[in-house]
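Participant: Here is how the chains run, residue by residue.
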Amino acid sequence: MISFLIILFGVTMLYVSISTRLESYIKVLAIQGLILFLIILSDYSILHITSLIFLSFETLLVKAITIPTFLIYIIRKNGIFREVDPFVTNILSLIITSAIFAGGFYLAFWSQGAVNNIRPLYFGISISTIITGLFIIISRKKIITHVMGYMMLENGIFLLALSIAKEMPFIVALGVLLDIFIAVYLLGLFINKVQESYSDTHIDTLAKLKD
Amino acid sequence: MIAILLLFPVAAAILLLIARSRIFNMVLMLGYSIMHLVLSISFCIYPASFTQYFKTDDLNRLFLIVLSVVFAGVSLNLLEFLRNSNEPARKQSLFIANVLIFVAAMTGVILSTHLALLWVFVEATTLSSSYLIYFSRSESALEATWKYLFICSIGISMAFVGIILLSMGLGGNNSLFFNDLYAQAKNINPFWLKLAFPFMLAGFGTKVGFAPVHAWLPDAHSEAPSPVSALLSGTLLNAALLAILRIDKLMYLAGMKWYAQNLLLVIGFISIFVSAVYIINIKNYKRMLAYSSIENMGIIAIALGIGGIGIFAAILHIIAHSLTKAAFFLTSGTILHRFHSKSIMGVKGLLKTDPAAGWLWLLCFAGIVGIPPFPIFLSEFLIVKGMIDSGMIIQMVIFLLLLTIIMAGIGRVVLRMSFGEQQPGTDGHREGILAYVPQFVFIALLLALGFSIPNAIYTLILKAAAVL
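Chains A and B are the protein sequences, given in the same order. Letter by letter, the first sequence follows residues 1 to 211 in the working numbering. Letter by letter, the second sequence follows residues 1001 to 1468 in the working numbering.
Since no wrong hints were added, every one of them can be taken at face value.
Here are the simulated lysine-lysine pairs, PhoX-like style, with alpha carbons at most 25 Å apart: (1) A:LYS208 <-> B:LYS1342; (2) A:LYS141 <-> A:LYS208; (3) B:LYS1194 <-> A:LYS166; (4) A:LYS210 <-> B:LYS1283; (5) A:LYS208 <-> B:LYS1283.
Calculated directly from the structure, the hints in this document are not laboratory data.
Isolated chain A, as found in the complex (with noise of 0.2 Å):
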């Protein structure tokens, strides 16, 4: 079931990027909160009680939901246009992701020998994510693409956490930490005041500072 869950995990990120608009962004973020819920959920041995109930409330209520809802209300209030811009072509851009997950699975059956008790499909997948968040953040144009490429970041390595929580439950809960205090204070304070002083919220705007 968790396999299964990690896989689908791994398959939303390939289908963000080759998707063009951001609604499928937003979705994937919010399945994304689901899938990390659902696998919370069927994992729920290696977790003390209260960071369960913790974790359960964070993924579902801020991932799957508030973020998610967030975003759309930004994206109707700022009047963002809906495509979502990138430097490279959709077909690059899949054979980029394709290749970073090809990667991280070699990396995580590299690992096998290494591994103590780690499963490697879970390293494999998150390091991918991670990786492929940081792509996205790269070769998409717009802000918000930037915020929800870090988001998808956040989420491989709130995946990665997962794995050694049995060991070490705190380095989860600083995961969250990040996470919610970074996504809040970027798109709370941020967004909005970027587009007060630009029309668009478009990284080529940003570029008035260089040598």
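Could you slot chain B onto chain A? The hints should help.
Facilitator: Same frame as chain A, but now just chain B:
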């Protein structure tokens, strides 16, 4: 004692936000800076600890003193900055509150004995300093803040990935206290450690300003108010560097010295190269100083990569760079205030317009490029010696060549700005004495350090180098 350093600023910040009084701002900031200076000097004689998470040791007390000295100078300069500022008291209070939290967060980074706690404090430095960069509220300041926040938050996430990977390799003992990590360094699984180190190096290195993850640094340093730039360059980079030093030591103890050293050498050379490329043709003098910071961080990385005598050189370089660059940035603030231009072409005849600032500008230049007797000469000399000793002749030639290019680039700008006739319309505003005193004190300290290192400081540096 440590509790005071960490909790006082939080209490003071809350008080400031409630009171919103100009006098209060100045008194509390000055009070904290004096307290910081006195306490951090006292830690050298009486080591202190606060719970098991904060402790002074041979390495971090030196970093703490550098932070205190730079902060003391900057807080004097901030008094002048606030006096000249037209912002309402509410905004000034918010600004000073953020300064206090920022310094407290850096103190936390320096003193923490736990890897995850250190990481949390690094995140706190990012959040508290972003408001400081945004203070002028111009469009370009907004852009700089956005870049700073976004790039650094990605960096922090990467460092977190590194911490997770390290935890995976720990096996049985799940403690992230540095002492526990060092004690069981041999038992950490080398595969995970090798994977974790580049992540942590890139993550904390983003805050240090290593190229190629330096993109935020020139923007943030040039758009922030000059006292804040001085604080960023003189103290924040050091605090993040301490995190790298701690992890570096773990690598040494785990028997992966060559791996860590080679990565540091590569990243150091890239940093120097990138700053050389940009400095040759720079148009904005504050950006020039920012690139010079990248260069100096690169030099420190190279010194660490050489090892041996390089460690001593690295620590000396950290101290010297902090004081010099803080003085340099504070002086750039004075120049900016008088000429109203960050462009190099907009400033001419500095020595005739404002002799004190002109001389400071020249002295800081001499200090940063390492003209003897300034201590940067000594540290760079030791680095070159270390390179010869370990047979890195080609690297040494490249190193010296790049340093010469950077020296020429900065020299061209500084001399062009300093000499020449006074320009019309530049003698309206006179700065108060506080806009000059801290820099002269820094320069005097550096000269004292360069002519003969006092025995007490020499032993401090030696002990710190012995830790690594």
